[in-house]
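**Q** Below are the chains, spelled out letter by letter.
Protein chains: 2
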Amino acid sequence: MNKILLEENEIPRHWYNIQADMPNRPLPPLHPGTKQPIGPEDLAPIFPMGLIKQEVSTEQFIEIPDEVRDIYKLWRPTPMYRAHRLEKLLDTPAKIYYKYEGVSPSGSHKTNTAVAQAYYNKQEGVKKITTETGAGQWGTALSIACNMFDIECEVYMVRISFDQKPYRKAIMNSFNGKVYASPSDRTKAGRDILAQDPNTSGSLGIAISEAIEMAVQDEHTKYALGSVLNHVLMHQTIIGEESLLQMEKAGDFPDIVIAPLGGGSNFAGISFPFLRHNLKDGKKVRCIAVEPASCPKLTKGEFRYDFGDTAGYTPLLPMYTLGHNFRPAAIHAGGLRYHGASVLCSQLLRDGLIEANAIQQLECFEAGITFARTEGIMPAPEATHGIAQAIREANIAKEEGKSKTILFNLCGHGHLDMQAYQDYFDGKLKDHYLTEEDLKSGIKELSDYPAIPN
Amino acid sequence: MNKILLEENEIPRHWYNIQADMPNRPLPPLHPGTKQPIGPEDLAPIFPMGLIKQEVSTEQFIEIPDEVRDIYKLWRPTPMYRAHRLEKLLDTPAKIYYKYEGVSPSGSHKTNTAVAQAYYNKQEGVKKITTETGAGQWGTALSIACNMFDIECEVYMVRISFDQKPYRKAIMNSFNGKVYASPSDRTKAGRDILAQDPNTSGSLGIAISEAIEMAVQDEHTKYALGSVLNHVLMHQTIIGEESLLQMEKAGDFPDIVIAPLGGGSNFAGISFPFLRHNLKDGKKVRCIAVEPASCPKLTKGEFRYDFGDTAGYTPLLPMYTLGHNFRPAAIHAGGLRYHGASVLCSQLLRDGLIEANAIQQLECFEAGITFARTEGIMPAPEATHGIAQAIREANIAKEEGKSKTILFNLCGHGHLDMQAYQDYFDGKLKDHYLTEEDLKSGIKELSDYPAIPN
Chain A
556 MNKILLEENE
566 IPRHWYNIQA
576 DMPNRPLPPL
586 HPGTKQPIGP
596 EDLAPIFPMG
606 LIKQEVSTEQ
616 FIEIPDEVRD
626 IYKLWRPTPM
636 YRAHRLEKLL
646 DTPAKIYYKY
656 EGVSPSGSHK
666 TNTAVAQAYY
676 NKQEGVKKIT
686 TETGAGQWGT
696 ALSIACNMFD
706 IECEVYMVRI
716 SFDQKPYRKA
726 IMNSFNGKVY
736 ASPSDRTKAG
746 RDILAQDPNT
756 SGSLGIAISE
766 AIEMAVQDEH
776 TKYALGSVLN
786 HVLMHQTIIG
796 EESLLQMEKA
806 GDFPDIVIAP
816 LGGGSNFAGI
826 SFPFLRHNLK
836 DGKKVRCIAV
846 EPASCPKLTK
856 GEFRYDFGDT
866 AGYTPLLPMY
876 TLGHNFRPAA
886 IHAGGLRYHG
896 ASVLCSQLLR
906 DGLIEANAIQ
916 QLECFEAGIT
926 FARTEGIMPA
936 PEATHGIAQA
946 IREANIAKEE
956 GKSKTILFNL
966 CGHGHLDMQA
976 YQDYFDGKLK
986 DHYLTEEDLK
996 SGIKELSDYP
1006 AIPN
Chain B
556 MNKILLEENE
566 IPRHWYNIQA
576 DMPNRPLPPL
586 HPGTKQPIGP
596 EDLAPIFPMG
606 LIKQEVSTEQ
616 FIEIPDEVRD
626 IYKLWRPTPM
636 YRAHRLEKLL
646 DTPAKIYYKY
656 EGVSPSGSHK
666 TNTAVAQAYY
676 NKQEGVKKIT
686 TETGAGQWGT
696 ALSIACNMFD
706 IECEVYMVRI
716 SFDQKPYRKA
726 IMNSFNGKVY
736 ASPSDRTKAG
746 RDILAQDPNT
756 SGSLGIAISE
766 AIEMAVQDEH
776 TKYALGSVLN
786 HVLMHQTIIG
796 EESLLQMEKA
806 GDFPDIVIAP
816 LGGGSNFAGI
826 SFPFLRHNLK
836 DGKKVRCIAV
846 EPASCPKLTK
856 GEFRYDFGDT
866 AGYTPLLPMY
876 TLGHNFRPAA
886 IHAGGLRYHG
896 ASVLCSQLLR
906 DGLIEANAIQ
916 QLECFEAGIT
926 FARTEGIMPA
936 PEATHGIAQA
946 IREANIAKEE
956 GKSKTILFNL
966 CGHGHLDMQA
976 YQDYFDGKLK
986 DHYLTEEDLK
996 SGIKELSDYP
1006 AIPN
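In order, the protein sequence lines correspond to chains A and B.
So the number in the numbering used here is just where the residue sits in the first sequence, counting from 1, plus 555.
So the number in the numbering used here is just where the residue sits in the second sequence, counting from 1, plus 555.
Just so you know, these hints were derived from the structure itself, not from any lab.
Each hint should be verified, as a subset may be incorrect.
[To be verified] In silico DMTMM-like cross-links for lysine to aspartate or glutamate, where the CA-CA straight-line distance does not exceed 20 Å:
1. B:Lys839 x B:Asp705
2. B:Lys650 x A:Glu565
3. B:Lys558 x A:Asp576
4. A:Lys558 x B:Glu918
5. A:Lys558 x B:Asp576
6. A:Lys839 x A:Glu774
7. A:Lys733 x B:Asp981
8. B:Lys628 x A:Glu642
9. B:Lys959 x B:Asp718
10. B:Lys677 x B:Glu707
11. B:Lys804 x A:Glu562
12. A:Lys558 x B:Asp621
13. A:Lys804 x B:Glu563
14. A:Lys804 x B:Glu992
15. B:Lys628 x B:Glu563
16. B:Lys628 x B:Glu642
17. B:Lys855 x B:Asp981
18. A:Lys608 x A:Asp576
19. B:Lys953 x B:Asp981
20. A:Lys643 x B:Asp807
21. B:Lys643 x A:Asp705
22. A:Lys628 x B:Glu642
23. B:Lys558 x A:Glu622
24. A:Lys628 x B:Glu562
25. A:Lys558 x B:Glu565
26. A:Lys733 x A:Asp752
27. A:Lys835 x A:Asp576
28. B:Lys558 x A:Glu565
Based on the sequences and whatever the hints tell you, model everything.
**A** Structure follows, in structure tokens:
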């Protein structure tokens, strides 16, 4: 069997909130002025209360509203596949499964939280939502979701992607999303950066600053983030909850669960429900987050308080970070070019409950092409990081002569990223090696913010 | 229920050959020199004998080889959807279903025949296959299929699409396809056209001539066509065979089956199995082929003998045609810019067993956007023609106050066609109205070829 499918009535009815089960709850976010823990009211200018409640909830399961679940039915449950042809090519005793989120309207997992966020904003009468986008997956997802709930959507798209990916603008426009290259002259944050460097290629951190700045100026406008925050990660757990059912249907259970990590929502989405079985039922699934070697916050960053954005508009978050001014190389995996990791993933890594690995760009593209040629799906450049790790694990299984069950999340298709593959074939891409100086420069700037004792 | 899914073991084991059931068998193809019917041996220089046998077979069902069926399992059975959200928007009593072929590795139905053709070529030791492609769907599909069977693939891509769609080249390159803009200087056919008009935007007819010319020069090289021929249409009937099972599962049966028609394989794929029920079981399904108003061979062409390509390398085929020198306007639906219709579809139309309709470009794009915003799938520009017709039928049902069941084939996604949508939003697209002179000019040239009595 290649595909493991679920029926519509098997779509999970709850998201999983790992905060309920963590041995060490994450440290609180701090107000950057007072350095004191923030409360829900501090977040009210930018998020609706429905989402703030989820952000701080310690309930184990949170019910998915019927209206959200009805929209999920357009593409969920998503398929799980056994990668028979890839296994055969690798000549491995490992069994490789992948969950495929590319069937969603935006072509990635991002739609799972976009629909939920648009729903809770609509409930509270919000008229417009602002956001940032890197490669464009999140901006697309939020445009689609806002269109369904008749909310305006304003997207600040990292300049380099805006220029490289005209199809992404077109698809957001198709769903009535308004897209601006970031940094723009619409915000103080944008204008300040442009004054320093008029030719900047932008970054996710800058685009977040612009989107937040626009949201706080208008009471009917809120802001939405596509990863990092607790509620965003929780919405993605529907991926792992479905995967548990599909693994059961396949009569199997993973030894290893793998996903790329940019902010953490893709990784959390597939791994947290399996981690519940580790934490509560004594299972020992290895959950591996894969980051690009050019932006290695998990493997080379420090665990400390930092801002989520470049201008410093967000609360201080306790996370693995390279510093909010770290400028990642212009690799073709825009969704992974972010300086920090979500608070939840950071705490789990610090507690040794998950693993992390960094892989260079060329190995990832090679893995992506190998996957496309065997399994027939062209993966997004972000997704190739998970494939590369899965291939490494399958090769280790071969060396060890052991059968293992590997599951990875194929978070999106690469149809709108074909220029990246063309650049790869044309020999234009290279690996990026960071010096100690590169790594330290961003962290040094954090000396004013509270340190976290070991 | 939104999705009607089948299990892998429900993938049909046979293709349906409508030649067995047609009241009037199609007229034979003629040798252009002798004007006498051609035999299988005339086709042997360009096709493997396995496919030639299928081309002339009158068996009702032809078994799908296990190796082909195993590859089909990568994406088949494809889903069928009930378009609840579109129905609601249209406020129609009609039930609208669509079969979605965009989940295939190439993003369209073309992979169904590409894999079959590559298989039969491999069986006979073919080392290289040449072909043409318009929008790029077929070239992509054949590149993928050839890569799976370790056959070289050489694609002549219509110049205008080659220039407009760099992502298509990239995806073919990803699967080792070699892509040349057509007309090229690699062939006599190409050089002749370039000498007449160095800035020509090319056409499918020209690209076919180039691919055939390359194939006949080498005994280990064959040619593959992505539509028009009987065996190609037959491979696509797996779409309709699955649809019959899915309709049964939904407890419904269509009153109307709709698909776009370029050469005819998409339309044949979904409609022929339903036509079998018309021909054998007294069902009365209306099967409607939809063509662009700018290339209206079914509704404004003549039924007569014509070449399948521009240079006149193919046999003379009895078909509805606008003349092999007809140059369709540069609409953004490259797969429908073809001067003729397949012999089987032409004969069925002549016998009144199917219907045809022509729709202008702007109505199709509007329908595509409406569909994307409600159902969450961005359709290929070709596919929007089927959607536009389905919306017309749903509106008629509303006017009549009748519930009807409408099924259309959503033959592919539009992820690689986003420039077309951007041009639509930017007001750059227009409708094309053909004069009597436009329509007659191509037909006039056919006076030397055998006419067909009414």
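**Q** Hint by hint, note whether the structure agrees.
**A** Verification of the hints:
no.: 1; hint: B:Lys839 x B:Asp705; verdict: violated (44 Å)
no.: 2; hint: B:Lys650 x A:Glu565; verdict: violated (24 Å)
no.: 3; hint: B:Lys558 x A:Asp576; verdict: violated (35 Å)
no.: 4; hint: A:Lys558 x B:Glu918; verdict: violated (37 Å)
no.: 5; hint: A:Lys558 x B:Asp576; verdict: violated (35 Å)
no.: 6; hint: A:Lys839 x A:Glu774; verdict: violated (47 Å)
no.: 7; hint: A:Lys733 x B:Asp981; verdict: holds (14 Å)
no.: 8; hint: B:Lys628 x A:Glu642; verdict: holds (16 Å)
no.: 9; hint: B:Lys959 x B:Asp718; verdict: violated (43 Å)
no.: 10; hint: B:Lys677 x B:Glu707; verdict: holds (11 Å)
no.: 11; hint: B:Lys804 x A:Glu562; verdict: holds (13 Å)
no.: 12; hint: A:Lys558 x B:Asp621; verdict: holds (17 Å)
no.: 13; hint: A:Lys804 x B:Glu563; verdict: holds (14 Å)
no.: 14; hint: A:Lys804 x B:Glu992; verdict: violated (63 Å)
no.: 15; hint: B:Lys628 x B:Glu563; verdict: holds (7 Å)
no.: 16; hint: B:Lys628 x B:Glu642; verdict: violated (31 Å)
no.: 17; hint: B:Lys855 x B:Asp981; verdict: violated (30 Å)
no.: 18; hint: A:Lys608 x A:Asp576; verdict: holds (18 Å)
no.: 19; hint: B:Lys953 x B:Asp981; verdict: violated (32 Å)
no.: 20; hint: A:Lys643 x B:Asp807; verdict: violated (41 Å)
no.: 21; hint: B:Lys643 x A:Asp705; verdict: holds (16 Å)
no.: 22; hint: A:Lys628 x B:Glu642; verdict: holds (16 Å)
no.: 23; hint: B:Lys558 x A:Glu622; verdict: holds (17 Å)
no.: 24; hint: A:Lys628 x B:Glu562; verdict: holds (18 Å)
no.: 25; hint: A:Lys558 x B:Glu565; verdict: holds (13 Å)
no.: 26; hint: A:Lys733 x A:Asp752; verdict: violated (25 Å)
no.: 27; hint: A:Lys835 x A:Asp576; verdict: holds (8 Å)
no.: 28; hint: B:Lys558 x A:Glu565; verdict: holds (13 Å)
Hint compliance for this structure: hints 1, 2, 3, 4, 5, 6, 9, 14, 16, 17, 19, 20 and 26 are not met, and every other hint is.
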